[in-house]
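Assemble chain D onto chain L, guided by the hints.
Number of protein chains: 2
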Amino acid sequence: MSTPHFDRIALIGIGLIGSSLARVIRREGLAGHVAIATRSPATLKRAEELGLGDSYHTDLAEAARDADLVIVSVPVGSSGEVAQAIAPVLKPGAILTDVGSTKGSVIAQMAPHVPAGVHFIPGHPLAGTEKSGPDAGFAELFRNRWCIFTPLPGTDPAALETLSAFWRACGSNVDTMDPDHHDKVLAIVSHLPHIIAYNIVGTADDLQTVTKSEVIKYSASGFRDFTRLAASDPTMWRDVCLHNRDAILEMLSRFSEDLASLQRAIRWGEGDKLFDLFSRTRAVRRSIIEAGQEVDAPDFGRQQAAGQPKG
Amino acid sequence: MSTPHFDRIALIGIGLIGSSLARVIRREGLAGHVAIATRSPATLKRAEELGLGDSYHTDLAEAARDADLVIVSVPVGSSGEVAQAIAPVLKPGAILTDVGSTKGSVIAQMAPHVPAGVHFIPGHPLAGTEKSGPDAGFAELFRNRWCIFTPLPGTDPAALETLSAFWRACGSNVDTMDPDHHDKVLAIVSHLPHIIAYNIVGTADDLQTVTKSEVIKYSASGFRDFTRLAASDPTMWRDVCLHNRDAILEMLSRFSEDLASLQRAIRWGEGDKLFDLFSRTRAVRRSIIEAGQEVDAPDFGRQQAAGQPKG
Chain L
2 MSTPHFDRIA
12 LIGIGLIGSS
22 LARVIRREGL
32 AGHVAIATRS
42 PATLKRAEEL
52 GLGDSYHTDL
62 AEAARDADLV
72 IVSVPVGSSG
82 EVAQAIAPVL
92 KPGAILTDVG
102 STKGSVIAQM
112 APHVPAGVHF
122 IPGHPLAGTE
132 KSGPDAGFAE
142 LFRNRWCIFT
152 PLPGTDPAAL
162 ETLSAFWRAC
172 GSNVDTMDPD
182 HHDKVLAIVS
192 HLPHIIAYNI
202 VGTADDLQTV
212 TKSEVIKYSA
222 SGFRDFTRLA
232 ASDPTMWRDV
242 CLHNRDAILE
252 MLSRFSEDLA
262 SLQRAIRWGE
272 GDKLFDLFSR
282 TRAVRRSIIE
292 AGQEVDAPDF
302 GRQQAAGQPK
312 G
Chain D
2 MSTPHFDRIA
12 LIGIGLIGSS
22 LARVIRREGL
32 AGHVAIATRS
42 PATLKRAEEL
52 GLGDSYHTDL
62 AEAARDADLV
72 IVSVPVGSSG
82 EVAQAIAPVL
92 KPGAILTDVG
102 STKGSVIAQM
112 APHVPAGVHF
122 IPGHPLAGTE
132 KSGPDAGFAE
142 LFRNRWCIFT
152 PLPGTDPAAL
162 ETLSAFWRAC
172 GSNVDTMDPD
182 HHDKVLAIVS
192 HLPHIIAYNI
202 VGTADDLQTV
212 TKSEVIKYSA
222 SGFRDFTRLA
232 ASDPTMWRDV
242 CLHNRDAILE
252 MLSRFSEDLA
262 SLQRAIRWGE
272 GDKLFDLFSR
282 TRAVRRSIIE
292 AGQEVDAPDF
302 GRQQAAGQPK
312 G
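One line per chain: the protein sequences are L and D, in this order.
Under this note's numbering, the residues of the first sequence are numbered 2 to 312, in order.
Under this note's numbering, the residues of the second sequence are numbered 2 to 312, in order.
By construction, these hints were calculated from the structure, which means they are not laboratory data.
Check before you lean on any hint, since a few could be wrong.
Identical copies look the same in the list; a pair holds intra-copy or inter-copy alike.
[As the list claims (entries may be wrong)] Cut-off 16 Å, straight-line C-alpha distance, at most; resulting in silico cross-link-like pairs (EDC-like, lysine to aspartate or glutamate):
1) K218 / D206
2) K218 / D176
3) K92 / E63
4) K92 / D69
5) K132 / D297
6) K218 / E291
7) K213 / E291
8) K46 / D273
Keep in mind that this is a model prediction, so the values were computed, not measured.
Just chain L, same shape as in the assembly:
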């Protein structure tokens, strides 16, 4: 399996994902030239200060011109607009991909603009942290994470293989699925958890009987685990909610139904029912650790992160 090499890669959007790509592309030598584009002059300036690429553009088309690989890493609500801006300059044989968390909506927005001869292969690396912006990226972000492609009918297998090899070189495992199934899977593994986290942090923030300073002070007893997801980029998550609406509403209904049943068990003192649920969920974490998708250290390994010796 040879390492892929592109003469010119254009990164449209240089936030957490885009800037992590820039870093790993450089480290692995995956491109002759990395063209970085964002409409925000301040963000572009920061990317240049960090030396993330070889050329810097506020004009998206200028970056995409002559690129062999164009990676769009913007909030999903901006996908259509970006596709429209860069489509006219895309060269035949180029691969166009994205990193958006919703695939049905991104395809609907982008596909109509893609010229014949350009390989549009929607993608989604399941990687991220609660930080955003060009400073937040790091080359290891994709390591041992999954990148899911949702190829359209008639996709050139060679182009898909080239893109897969690129993501493997970035450290990812790759997978393909139907866009609709992707959107259902992500609704449960990613979108619902973020929405629930945002909601519980909002609920706590609104209380009068318990002060905000108490919530903060005593957060280590559980609450703080939710604050990481609830610190994620608001623009990105607003767009996800608006662009994967149906799958999210379906998962929210199931969640609320289950919560009502749990609430009833608490109200009526059904200890066995509570014990059964609380035992079953323990096994799920064990499986995730065994699948190499989570650390086994207690408390997510925060102790080590804080530099605290373990007694």
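Okay, now just chain D, sitting in the frame of chain L:
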């Protein structure tokens, strides 16, 4: 502030909290003799293999006899039974405390059994991990965490100060509050987060459209954050739900109300409303980090915990 020293400390219950206490008591030299008691012969044997104490008892009263400090670390539903078992042997002047996550219920269960002359001071160290049992404990568990006392009217200030000094020597910060207020605070910072985490993991586990193996494989995109709390001890959490029912039901109602409103905003495409909530919650995490109750490393510092170099 001198380090407190007790001739004999009895640890009733030797799970995560009890065994962490045993370790820090030894390290800091806080007792002449540590008597360890649990009704489970297997757990007691393990505690002895680990060398956690100086004497080992399946008879709780035997451990508590002549102790200057008795710390009850059992699921809150067993508090009354434990108090009844040890009450007859408690010596005058001894301090009796607990570590339970609910205080109103523990006081109702234990106080009636406490003989005159014994200082019963309910307590709750806000510390823990998702692991349980005597192997899971470590001496650093309480470091920089809060221990909340909910003293009863007429509590001897000297006894409270002695117990506070003990917990400070274990690494904790100490605080006092009314039991009823404690139960409300914990309902939001600890109990609701655990219940929500258990619930979402249960919901995901029940899906048919998305397979269990997909949930596990792609969990790093958000879901896995919930699995830590949902891997907590089922007996402990069943008891918490049953013993802080009213405060938990109140918080669940607020949470569900807020979630219904958020769900409506998603259904009707109210982007500004979503953006406002998602921005507000970001600030909460910042405050928790500033309060020293959370690490600032992305992803809870999992990268470091997994021994992955940062690129």
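| message | Treating 16 Å as the Cα threshold, decide for K46 and D273: within, between, both or neither. | response | Classified as neither; 59 Å inside a copy, 28 Å across copies.
| Between K218 and D176, at a C-alpha cutoff of 16 Å, which is it: within one copy, between copies, both, or neither? | Between copies only: 11 Å across chains, 42 Å inside a chain, cut-off 16 Å.
| query | Checking K218 and E291: alpha-carbon separation at most 16 Å within a copy, between copies, both or neither? | reply | Cα proximity of K218 and E291: across copies only (10 Å, versus 34 Å in one copy).
| Quick one: K92 to E63, C-alpha cut-off 16 Å, is that within a copy, between copies, both, or neither? | within (12 Å within a copy, 83 Å between copies)
| task | Measure nothing new, just compare the shortest in-copy and cross-copy C-alpha distances for K132 and D297 to 16 Å and report within, between, both or neither. | result | Between copies, since 10 Å is at most 16 Å while 23 Å is not.
| Given identical chains, is K218 near D206, meaning Cα to Cα at most 16 Å, within a copy, between copies, both, or neither? | Cα proximity of K218 and D206: one copy only (13 Å, versus 33 Å across).
| said: As a check of your reading, is K92 near D69 (CA-CA no more than 16 Å) within one copy, between copies, both or neither? | reply: within (8 Å within a copy, 81 Å between copies)
| query | How would you label the pair K213, E291 (within, between, both, or neither) given a Cα cut-off of 16 Å? | reply | between (38 Å within a copy, 14 Å between copies)
Checked against the numbered hints above, the structure violates only hint 8.
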